[in-house]
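Got chain A; can you put chains B and C on it based on the hints?
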Amino acid sequence: MRVVSAVSGVMVKELIRKKDFYVFLGLLTAILGFLSFQSFSGIGGVSRYIEEIGYTLVMLFVFIIAVTFSAKQIPDEIRNKTIYPLLAKPVSRGSLIFAKYAGSVLVSSLSFLVLYCVYAFFCINSGGGAAPVLYAQGLFLGECFVLLSCAMAMFFSVFLTFSANVTLSFLVYFTFGFFAEPIREAVLRAEGAAGLALSGLYYLIPHFDLYDIKVRLAHSWPPVPLWVLTVVGVYTALYCFLLLFVSEKIFSGRRL
Amino acid sequence: MKRYSFLVISAAAAAVLCIAPLADELTAVEPGKAGTGGMPYIVRLLGESRSIISSMMIAQADRYFHGGVGHMFPGHEEECPICSASQEEAHHAGRPLSGSGGVPGKSLLFRAAEEINVGEHRHLQGDEIKEMIPWLYYAFKLDPSNEQAYVLAGYYISSRLDRPEEGLKLLREGVKYNPGSWKINAEIGRIYLEEMKDPDRAVIYLSRAGKFLFEIPHDKFQERTVLSMLAHAYEEAGRPSRAVPFYRRLYALFPDTELYRRKAGNVR
Amino acid sequence: MDKAVSIKGLRYTYGPSGGAKQALKGIDLEVGKGHIFGFIGPNGAGKTTTIKILLGIMRSQEGSAELLGRPVGDVKVRSRIGYMPEVANYYGFLTARETLMMYGSVFGIGKRVLRERSAELLEKTGLSGEAERRIKYFSKGMMQKLSFAQALINDPDLLVLDEPTSGLDPLARSAMRKVLKSLQSEGKTVFFSSHELSEVELVSDRVGIIYEGGILGEGPVGELIGGKEAGQSLENYFLQMIGEGT
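Chains as they are written, first to last, in this note's numbering: chain A, 1 to 256; chain B, 1 to 268; chain C, 1 to 246.
With the rest of the complex left out, here is chain A (with noise of 0.2 Å):
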């Protein structure tokens, strides 16, 4: 524990005294600003568009942050050299790649946390906002995502560059985010060994198409069903717990 709290205080304070977050931060509230004032042919007072491209925007820069913090951790410390002192110390390389998670966890959570407060009070503003129950899941499920995020990067890092690690990080992103639907349509009409094997993909690659309710939070649709948010919570645990145990096995075996 006190190796993951120092490791997660350092980069903390990376965080706030490096300019990505704010850069994000200003993007945000000038593009949800800019839109909030906008009125169309005399018409104001309209939301949804403005729930919907703030809820992408949020996702979107919460991954970037989660992505790049967590892809740079370990090639940087070796690089850099600073991970000889640290290994030097009681740390295990486990303990330093859980405690690298752990401190990336939290940087992209207080990001997420920070960026979701600006968009609430962008859609509330804007004469819209939905239930405080979908407000409250969207940050569910928005944490769940930030775990995975920073999981699959963390994964990655063991064995790829940086820039190899985010492109690979936001292809998987993308490939969900846009093509969620016409996969699971392939998945299920596809029989035999073909069936199979994009089966056994499918389940390989991670959902982040679990994390989006952009289109209920924007259009006022029912909250989703606790069941779901069940499985989505224990599918995000036992896939990050996977994705870390490997890491581990294979940045233990590895030469510095």
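All the pointers check out, no bait thrown in.
A short list of chain A residues far from chain B (calculated; beta carbon distances all over 12 Å):
{"#": "1", "residue": "Gly9"}
{"#": "2", "residue": "Val12"}
{"#": "3", "residue": "Glu14"}
{"#": "4", "residue": "Ile78"}
{"#": "5", "residue": "Lys81"}
{"#": "6", "residue": "Leu106"}
{"#": "7", "residue": "Leu113"}
{"#": "8", "residue": "Phe121"}
{"#": "9", "residue": "Ile124"}
{"#": "10", "residue": "Ala131"}
{"#": "11", "residue": "Leu139"}
{"#": "12", "residue": "Thr161"}
{"#": "13", "residue": "Phe251"}
{"#": "14", "residue": "Ser252"}
Taking lysine-lysine pairs in the DSSO-like style, the calculated list, with each CA pair at most 27 Å apart, reads:
{"#": "15", "chain 1": "C", "residue 1": "Lys111", "chain 2": "A", "residue 2": "Lys13"}
{"#": "16", "chain 1": "A", "residue 1": "Lys72", "chain 2": "C", "residue 2": "Lys136"}
{"#": "17", "chain 1": "C", "residue 1": "Lys140", "chain 2": "C", "residue 2": "Lys178"}
{"#": "18", "chain 1": "C", "residue 1": "Lys140", "chain 2": "A", "residue 2": "Lys18"}
{"#": "19", "chain 1": "C", "residue 1": "Lys140", "chain 2": "A", "residue 2": "Lys81"}
{"#": "20", "chain 1": "C", "residue 1": "Lys136", "chain 2": "A", "residue 2": "Lys13"}
Covered, in the sense of this in silico footprint (three residues per stretch, anywhere, with C-beta under 8 Å from a C-beta of chain A), are these stretches of chain B:
{"#": "21", "region": "54-68"}
{"#": "22", "region": "155-164"}
It should be emphasised that the hints constitute simulated quantities derived from the structure, not laboratory data. Please read these numbers as outputs of a predicted model, since none were measured by experiment. Quick reminder that beta carbons are idealized off the backbone N, C-alpha and C, glycines included.
Positioned in the frame of chain A, the structure of chains B and C alone reads:
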């Protein structure tokens, strides 16, 4: 040489794309104005990609009309264009849902994913219609040659949101950028006829629409759209005799329609 | 005598089998507790490789090593060890004080004790005036001093220093020698590698010479030098050993 981060460049791009429309509003660029090329700054910045983005905006408006859910079954988007608003109930009545929204998943994960995605079918009602207006607005602002965007926006603002003056204002802007558009002129005529109860003005615009329509290849359904309204406008304006030639033409095109046969004076 | 460092038959090879470089060819070495041991050798001899294996950063392919009676893979024993790396790189966005606090917290030292100890170490290394400055603005010498300070943060029983005087001015080197001697008087053990043979001669009790992955000689400084010609320097002895080794 100083290195600019991706984030700074993105922020700059976002600022430019936000400032350009503001600049257009302030400078009020008019088409054909000497020295400006007649195009808004945002249009000049985006180039030809604006047409594609404009079409995507209309698709977004349609999605918003359906409560954020896209068209889910094959051919739906052809049968339920949002411009055919008066026919929408007939198109949707009794249609079963397909697509992932209604298909049972193989596993818990599948079913959870399908539950997260909304699969029900609904339309915006009443004042909710205003929620799709921003996408139509951006569609015609990005691509002023997109007539459909003007027509749809004009229809929904004037008829569904009960603001005919606002609808007419933006349609007149559409005419400025598309002076030969029969669709925009027809929509203006329809608004004058049905919302403003001004059949004389309606006749002017519908006649213009008819003139433009006959200059281009068209089908009988498009002819019916214009001529039926024009005939009705003449009747409302107290000049029923002027409507007869149009009813005759309509009867020739649609001989099975009893109304046209009656109004054409039983002329075969 | 209790051994602080014990190495038996250590072997390590870099790279794939076709173009491999054997960095350590089965070295044996022992360092007793309470000694200052100088580990000297030319560039590429295997000094840093040995140190990294001792600290568990790398794993040897053959042989074994122990620190303070525990195998080198034992994570817990590292709570009694202080390490100063050859290249002093730390997190540039932290201040000197924050760096010491961060590394100290890994050992589970309480915040109050940590604050006091950090201030004391910054004073000892001449960095108290730069405590709140971000280390990305530090010079090489300042980084070395900070690196030495973080190695002492946990009051270790065994100090492992890789090229500790690199980049330091004569004044700073003299200060470091004093600190090492005072640590020895407290019963601590120091194991350090260096190119600066004059420094090694001034401060070490015992030296070990490594050359091309093998130990050429090891023993008390006086004995090694006196064993050849009386009055010769460690540098001359070293050069003679290298010459005899080729």
